[in-house]
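Listed here are the chains, written in short residue letters.
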Amino acid sequence: MRTIPLLATIALTLVACGGEEESASGSEAGGAPSEPAEEITVSAAASLTTAFEAYDERTPVTERFSFAGSDALAAQIRQGATPDVYAAANTELPQALFEEGEVGEPTVFVTNTLVIAVPTDSQIASIDDLTESDVDLVIGTEDVPFGSYTRTVLDRLPAGERDAILANVRSEEPDVNSTVGKLTQGAGDASFTYSSDVAAASGRLRDIELPAELQPDVAYAVAVVEGAENPKAAQAFIDGLVSGAGAQVLQEAGFRPPPAG
Amino acid sequence: MSGSRGFRALLVAALGAVLVFLTVPIVGVFVNVPPGELLASLAQEGALEALLLSLQTTALALVIILVVGTPAAYLLATRSFRGRSVAVTLVELPLVLPPAVAGIALLAALGPEGILGGLLIDAGVQLVFQTAGVVVALVFVASPFYIRQAQAAFASIDPTLLAASRTLGAGEGRTFLAVAIPTARAGLLSGMALAWGRALGEFGATLIFAGSFQGITQTAPLAILARFGIDFTGALALSAVLVALSATILLSVKLLAGSPAFGGVAAR
Numbered sequence: 001m002r003t004i005p006l007l008a009t010i011a012l013t014l015v016a017c018g019g020e021e022e023s024a025s026g027s028e029a030g031g032a033p034s035e036p037a038e039e040i041t042v043s044a045a046a047s048l049t050t051a052f053e054a055y056d057e058r059t060p061v062t063e064r065f066s067f068a069g070s071d072a073l074a075a076q077i078r079q080g081a082t083p084d085v086y087a088a089a090n091t092e093l094p095q096a097l098f099e100e101g102e103v104g105e106p107t108v109f110v111t112n113t114l115v116i117a118v119p120t121d122s123q124i125a126s127i128d129d130l131t132e133s134d135v136d137l138v139i140g141t142e143d144v145p146f147g148s149y150t151r152t153v154l155d156r157l158p159a160g161e162r163d164a165i166l167a168n169v170r171s172e173e174p175d176v177n178s179t180v181g182k183l184t185q186g187a188g189d190a191s192f193t194y195s196s197d198v199a200a201a202s203g204r205l206r207d208i209e210l211p212a213e214l215q216p217d218v219a220y221a222v223a224v225v226e227g228a229e230n231p232k233a234a235q236a237f238i239d240g241l242v243s244g245a246g247a248q249v250l251q252e253a254g255f256r257p258p259p260a261g
Numbered sequence: 001m002s003g004s005r006g007f008r009a010l011l012v013a014a015l016g017a018v019l020v021f022l023t024v025p026i027v028g029v030f031v032n033v034p035p036g037e038l039l040a041s042l043a044q045e046g047a048l049e050a051l052l053l054s055l056q057t058t059a060l061a062l063v064i065i066l067v068v069g070t071p072a073a074y075l076l077a078t079r080s081f082r083g084r085s086v087a088v089t090l091v092e093l094p095l096v097l098p099p100a101v102a103g104i105a106l107l108a109a110l111g112p113e114g115i116l117g118g119l120l121i122d123a124g125v126q127l128v129f130q131t132a133g134v135v136v137a138l139v140f141v142a143s144p145f146y147i148r149q150a151q152a153a154f155a156s157i158d159p160t161l162l163a164a165s166r167t168l169g170a171g172e173g174r175t176f177l178a179v180a181i182p183t184a185r186a187g188l189l190s191g192m193a194l195a196w197g198r199a200l201g202e203f204g205a206t207l208i209f210a211g212s213f214q215g216i217t218q219t220a221p222l223a224i225l226a227r228f229g230i231d232f233t234g235a236l237a238l239s240a241v242l243v244a245l246s247a248t249i250l251l252s253v254k255l256l257a258g259s260p261a262f263g264g265v266a267a268r
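Protein chains in written order, with my numbering: chain A, 1 to 261; chain B, 1 to 268.
In short, the hints are calculated from the structure, not lab data. Hints should not be assumed to be uniformly reliable.
Here are some chain A residues the structure puts well away from chain B; computed CB gaps all over 12 Å [said to hold, decoys possible]:
1) G69
2) D143
3) R162
4) Q185
5) P231
The calculated label-pair distances, taken between Cβ atoms and stated as ranges, are [what the hints assert, rightly or not]:
6) B:L251 / A:D134: 43 to 49 Å
7) A:Q123 / B:G171: 56 to 62 Å
8) A:P231 / B:E92: 54 to 60 Å
Cβ atoms here follow ideal geometry from the backbone N, Cα and C, with glycine treated the same way.
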C-alpha cells in the first residue's frame, strides 16, 4: 500500500519542479481547476463527511478521506498512521496529540450543536420524553466525541432523569454515521447527534433542540499531522476551513463559525 | 537443470513471503505488550463479558447452522434437481458479501422498516439491539462456510455406499444419519471450524444490524473497536484471546479430522 503515497510524492515533485508560479497563484482562493492533481489524505470526524466531501469538490487538490470516530482516528495516528490532516469533533483529542508530538498546533475551525435526533414522524418532543420506558435510544460510545457530549448533557440532568434515559440505551455506536443510519432505518427511536447530522440526513430525521443550560460546547479542531507527506497542501486545506471555501461549505451544512478571538 | 531450480526457488520465496505476511501481524498482537499486562487488562470490566457473549452467540449460531445446514447440504450434494445450481450460488453468496453489506441487507429485510419487519413486529420478535439479532447476523455470514464444506463432503461419499444402505432396508433418514454423516464427518468438522471461526470474528454485520451494547450485543470484536480509541492494550488483550481461541478451534479440528477414528484419510 506504500505505492500510492509514493506515486503522489513523485507527482508532487514533478509539480514542484514545473509549476511553481501557477500553483502559487491558484491555491489562494480555491481557483485554477486545470492544475495538476495534488493529493492529501484527511482523517476526519464522521460528522464532517457531507461537508468535507462537498469541500473536496471546491479545492484544487484531491482529498482522500478517512471518516470515523475522532477517537479511533486519533488511535490510528498514535499507532503510526500519518494522514496529512486530522480533524476531530472536539478540541481535546487534537490537543492531546499535539502535546504528544503527533500533530502540529490545532486550530478550532467550526462549532456544532448537539441535538436530539428523531425520525421525522416521531412523537418525541423533548428530552423528558426520552425517559419513557418504550424509547429505544442509540448513543455514541463514551470515547467518541458525540457520545462524550451526550454524557455531558445527561450529567446535567437530575440523577433520576439521567438514569431513566441511560436505561433506554440499546446501542453504543462508534460514530455518528452508523447512528444516523440506524435511526433512518427505524432501528432506534432517538439519539443525541449534531444538528449538522440531522441536516445531512435529507429530511428523514428532525432535530429537537436541547435547553440552553444543557447544551455542551461543541468545537472542532484540525491540525497538520507530523510527518505528513504534503504539509503545504494540508495547511492550505486547513486555511480554507477557517476562512474560504471550506468555511462556506461548513456553514451550508449546518455548522457554525467558531467564536471570534 | 538450472531452470527448474530457479522455479523451485521462486516457489519457496513465494511461500516464505506468504508465511511472513500472515504471521507477523499475529505475532504483533502478542509481543506489543507484556503478557502480564495483557492478562490484567482482560480482567477489566466488560472484556470477559464480551468474550462470554461471543462464545454464547457463536455456539448458538453453530447449532442452528448444523441442524438446518446439514440436511440442506445433503440435499444439494446427493440430488440433482431444477434450480440446483441457482440454489448453490445463493447459498454461497454471503461468502463474498462484505460484512457491512450483510448488515445493511439484514436491516433492510428484518429491521423495523425492513420488508419482513412488520411481520416480525406482529409476531412480537425483535432482533435489532437484541442478542437474537447477533445470532441472526452470525448465522447469515457463517452458514455458507459450513454448508459448502458439508456439501463437498457428502458429494465425495461413494454413492454405492448409500445405495447399499438403502438396499439393506435402512431408509432415507437412517441412511443420512447412520451412514452419510459418519462417513462425511471429517469434512463436516472442518466446515464447522470454518463457520465457527468466521462467526467468532464477525464484526460489521453485527454492528450494523444488532448494534453494540455491553452484555447484550457487544461481542468480543465489537469490544475491541470500543477499546481501540482509549485502551490499545485492552484491545490487544481481547485480540490475543480471539487469536488463541481461533487457533484452538482450527488445531483441534485438524487433529480430530486427522485421527483415524474420525476418517482421517479424507482430511489428510
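Do the hints match the structure? See the list:
Residue placement check: G69 (chain A) does not keep its beta carbon more than 12 Å from all beta carbons of chain B (closest about 7 Å). Remark: the non-interface label on D143 (chain A) conflicts with the geometry, its nearest Cβ contact in chain B lying 4 Å away (cut-off 12 Å). Separation of R162 (chain A) from chain B is adequate, the least Cβ-Cβ distance of about 18 Å exceeding the 12 Å criterion. The beta carbon of Q185 (chain A) sits about 5 Å from the closest Cβ of chain B, which is not more than 12 Å, so the claim that it is off the interface is violated.
The Cβ of P231 (chain A) lies farther than 12 Å from every Cβ of chain B, with a closest approach of about 25 Å, so its non-interface assignment holds. Checked against the hint of 43 to 49 Å, the pair L251 (chain B) and D134 (chain A) passes, with Cβ atoms roughly 48 Å apart. Between Q123 (chain A) and G171 (chain B) the beta carbons are some 59 Å apart, a value that agrees with the proposed interval 56 to 62 Å. The given range of 54 to 60 Å is broken by P231 (chain A) and E92 (chain B), whose C-beta atoms sit roughly 48 Å from each other.
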